[in-house]
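Top to bottom, those sequences are chains R and E.
Throughout, the numbering used here is defined as the position within the first sequence, counted from one, plus 69.
Throughout, the numbering used here is defined as the position within the second sequence, counted from one, plus 662.
Think of the hints as simulated: they come from the structure by calculation, not from any bench.
All figures in this text were calculated on a predicted structure; none of them were measured in a lab.
Positions of the beta carbon are idealized from the N, C-alpha and C atoms, including for glycine.
Some hints here could point you the wrong way.
Quick list of simulated restraints, FRET-style, between CB atoms [said to hold, decoys possible]: (1) R/114 - E/735: 17 to 25 angstroms; (2) E/677 - R/139: 44 to 52 angstroms; (3) E/776 - R/110: 16 to 24 angstroms; (4) E/721 - R/97: 15 to 23 angstroms; (5) R/79 - E/716: 34 to 42 angstroms; (6) R/149 - E/677: 47 to 55 angstroms; (7) E/677 - R/124: 42 to 50 angstroms; (8) R/179 - E/667: 23 to 31 angstroms; (9) E/716 - R/114: 23 to 31 angstroms.
Among chain E residues calculated to face chain R with C-beta under 7 angstroms, some are [stated by the list, open to error]: (10) 705; (11) 707; (12) 752; (13) 764; (14) 767; (15) 770; (16) 774.
Covered by chain E, per the in silico footprint, the following chain R stretches (three or more residues, Cβ under 8 angstroms) [to be verified]: (17) 109–115; (18) 172–182.
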Amino acid sequence: AQSVTQLDSQVPVFEEAPVELRCNYSSSVSVYLFWYVQYPNQGLQLLLKYLSGSTLVKGINGFEAEFNKSQTSFHLRKPSVHISDTAEYFCAVAYSGAGSYQLTFGKGTKLSVIP
Amino acid sequence: KAGVTQTPRYLIKTRGQQVTLSCSPISGHRSVSWYQQTPGQGLQFLFEYFSETQRNKGNFPGRFSGRQFSNSRSEMNVSTLELGDSALYLCASSPGLFLNTEAFFGQGTRLTVV
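Chain R with its partners taken away, still in its complex shape (with noise of 0.2 angstroms):
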């Protein structure tokens, strides 16, 4: 089965230093990742995505991700972070041949920007 996880459930950090949210993956053949960020009572919202090509994918709002596939990682990563950035994001993966719209998510991290 699928799998995603995210090492941590919480990271606080202190306005305008850099962040980095972690995300493993359990390993396949192909894969699509994706991050999303969720502010409060709001839906999701896509801020990157990996379907090929280069390993280094720019998203919204400064935010960068890199896919390393002998590490079945996708960290998430802000060089310098902003109050606005207080929000839960979650990583997700879709395996190609999988045919229709389907992620399964990891269960978060909650990002706390301290001013």
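Position chain E against the provided structure of chain R, taking the given hints into account.
This is chain E only, laid out in the frame that chain R set:
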């Protein structure tokens, strides 16, 4: 362009009752997926519809069902509600089936079963 609209936003039901949640996708989107979000289990896939056909179903009991209409609007139904069904139910729409099309999520319906 209007986003994904889920109604109602909040709902309180009693154990044993049934409930119907509605999702209106973005205009032109033909794929609608449903997810259940709880603090304990996180986000779990319920089912996905494309052109009125259920294409995929998650590991949920038969009490959870859904359908999609010709205008792509979708409803999900939960019968014989249990306390554990309390959750945020999220709907996502995308233009098609393929993974290179982004899924757009609604704000969700928060269901509380008492």
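(message) I'd like to know which numbered hints this structure contradicts. Please list them from smallest to largest.
(response) Hint 16 is the one this structure does not satisfy, whereas the remaining hints hold.
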